[in-house]
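*Asks:* As a plain string of letters, each chain reads:
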Amino acid sequence: MDFNPLDQPGIAPDEQLRSWRELAVDPIPPEGGDPYTRCRVILMNGIEVESIMFSHQFSRHIDNLELKRDLALSRRIEQQQQKTVNWLLPGQNSVLETTIGYEQVAVDLTAWLARNEPDPQLRMALDFALLEDFDHLYRYANLYELANGRYAARLTDHLTEIMPGRPTIAHHRHPYDSIRPHYETHSVHPLSRMHVMTIVAAEQQTMNYYMNTGPAFIEAIARELYQEIGMVEEEHVSHYESLLDPVDSWLCNWVYHEYNEAYLYHSMMLQETDPKVKALWELHLNMELGQLRVACQYLERLEGRDPAELLPPSLPEVPVTFQENKRYVREVLAATVDLRTDGTGYSPVEDLADDHRYFTYNRKANLGGTPSEQVISMNVSAQGRDYRDQTDGEHPIVDLRQPAGARN
Amino acid sequence: MPTLTVTRSSGGRSKPVPMTYVDPSQLVIDTPPALEGSGLNAPFLMDVLSAMLAHERGGAALYRAVAARSLNPVLQRQYRHFGEETVEHVSILEMLVANAGGDPMYVSPSARATERAGNSVIETTFMCSGSIDLMTAELVMLEAVILAEVKDHSNWSMLSQLVPKLPESLRTSFADATARVEQQEEEHLSWAKDMRSKMITLQIQSGAMQKAGVAAEEMMAKIKSLFD
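Residue numbers (the numbering used here), protein chains in the order written: chain A, 1 to 408; chain B, 1 to 228.
Calculated directly from the structure, the hints in this document are not laboratory data. Since we're looking at a predicted model, the values are computed, not measured. Any given hint might turn out to be false.
Cβ pair distances, simulated, as ranges [what the hints assert, rightly or not]: (1) 228(B) / 270(A): 34 to 44 Å; (2) 168(B) / 3(A): 46 to 56 Å; (3) 133(B) / 360(A): 50 to 60 Å; (4) 338(A) / 95(B): 21 to 31 Å; (5) 8(A) / 186(B): 40 to 50 Å; (6) 44(B) / 223(A): 38 to 48 Å; (7) 61(A) / 27(B): 42 to 52 Å; (8) 44(B) / 338(A): 34 to 44 Å; (9) 204(B) / 14(A): 35 to 45 Å; (10) 113(B) / 223(A): 43 to 53 Å; (11) 17(B) / 328(A): 43 to 53 Å; (12) 3(A) / 17(B): 32 to 42 Å.
A virtual CB, placed ideally from N, CA and C, is assigned to each residue, including glycine.
The whole structure should be built from the sequences, with the hints applied where relevant.
*Replies:* Shown next, in the form of structure tokens:
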């Protein structure tokens, strides 16, 4: 059935304030629950963080008391939503265990978005970074076994394979090669716009998480691995945010943010297996609908634009879905593992000239050793093998079937 | 009904330039049939018409916004009236583009630049309202109208000068349209300029407005009755 957020009143923002009691949610089980519930929690936390930071930036660029006050109200509510969502994560899970959850989100969210992305160029951008996040999962899973003696598959429940992707050592590229051409706002498919906004928020949260939690470790290899992968997340945020069309106004962007949040809470609600969490998604959906209404009123009154003309007539039929994407990941891996970004496009690594800035930057970054390689060697030394969870057969890339075969 | 906001749902199409990527299904690359063999730089002409359309669409939004926010009934009335005419100009331009074999939903690179500039003009009408008084806010809205109308006026003058260079089959429709719209644009611009002078002169001569920190209610009443 068509669901048009503009037809739904939702909850008015000034009725959305909740008490500390109401914010104190019961966390999800640390183990044994649906891993995709954890993924949904991690994603929606990232979505709320993005909406809050966007609202702060917007507020810093305007001198309009009424609008600033309504942004502050909306932002306060988004902060409560973020606290409620993120506090669903259980305290029993370590930073590293939560990190494995973040990378499972990165793999299965990116793969699902790519599979459902109508625009080939945007799909390419998703596929490209997918293989890098897929590799991060493998590196962190090895750190987990090395440091804790535990298997990451207990957390991912074998829904996401764990094996090398495009090796992290090869991710370190010149910043100029992280910028892609952006979509065109008048002709972009509404689904594409929401896909890009969603992946920007998710990758930004991953970047923020590693920026802040990396130093929480004692082991040098863990601290260094978080630094290295944290730098790749910076590349990913630059890569994805450059896909957004900068021609849209601040108010349009506010409306798009609220609309996308409504789409995502609606999606999460439809799939949720945990009844308590499902009820929270439904509550937040209704809150977002109320916030969207306010943003639309501002767009209409201050910019004279009709939100019904700007937004699609209904939410996409297919909700954003967390599900297995093993075959898709393997196909992308087999077809594009050797790609590198080259200017605003992509080239096979063997086509890059010897003096390409990719090599200059990459050599400099990896001079003296690379934590993402060292963590594998250390785990191989400790266990006699690297850690993998290959549920669907041998690795599609011959050179990556053994850890020593990882290439630059 | 003219389209005031171009999106994928309304059939939005564009052209790729270095940093703008366009979904292959929405690309515009063809030369409109009516301009083939005309000796004109047809793609450039279509880009210019698209930019004119973007400016008219932005103008319709601007009038809608300032009509909703002005406190003065005379200004509100005129903004609404000019807004209606601007919506009509969108229709006329859409028809001219279609007659030339182009797509009114095509948003050219220059239209994108025009839209960005237009967004900034609209934003001036509310982004700084915290640091200005209500009378100045009225002036800022009027000045946004002047800025928009200067370009609008110049667009239609340029188009009327272009008519003799167009293929025979297009000349009549373009000539009729420009003759009609240019007159209205002339009125829009001269009204806005005159009104600005009038408002500033009235303020300079108003003893009540001399004191800093005039109460908001007093100022609102003054604005409402400015031209009484």
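*Asks:* Each hint needs a verdict: does it hold in this structure or not?
*Replies:* For each hint, the structure was consulted:
1. In this structure the supplied range 34 to 44 Å is violated for residue 228(B) paired with residue 270(A), their Cβ-Cβ distance being about 59 Å.
2. Separated by about 52 Å at the C-beta atoms, residue 168(B) and residue 3(A) satisfy the suggested range of 46 to 56 Å.
3. The hinted window of 50 to 60 Å between residue 133(B) and residue 360(A) holds, with their beta carbons roughly 57 Å apart.
4. Separation of residue 338(A) from residue 95(B) is about 52 Å and departs from the stated range, judged on CB atoms against 21 to 31 Å.
5. For the hinted restraint 40 to 50 Å between residue 8(A) and residue 186(B), the CB-CB distance of approximately 46 Å keeps it satisfied.
6. For the pair residue 44(B) and residue 223(A), the beta carbons lie near 57 Å from each other, so the given range of 38 to 48 Å is not met.
7. The hint said 42 to 52 Å for the Cβ distance between residue 61(A) and residue 27(B), and at roughly 34 Å that hint is violated.
8. Roughly 41 Å separates the CB atoms of residue 44(B) and residue 338(A), a value that falls within the hinted 34 to 44 Å.
9. Checking the proposed 35 to 45 Å range against residue 204(B) and residue 14(A) shows it holds: the Cβ atoms sit about 42 Å from each other.
10. About 47 Å separates the C-beta atoms of residue 113(B) and residue 223(A), a value consistent with the hinted range of 43 to 53 Å.
11. Evaluation of the 43 to 53 Å hint for residue 17(B) and residue 328(A) yields a failure: the beta carbon distance comes to about 32 Å.
12. Checked against the hint of 32 to 42 Å, the pair residue 3(A) and residue 17(B) passes, with Cβ atoms roughly 36 Å apart.
Hints 1, 4, 6, 7 and 11 from the earlier list are contradicted by this structure; the remaining hints agree with it.
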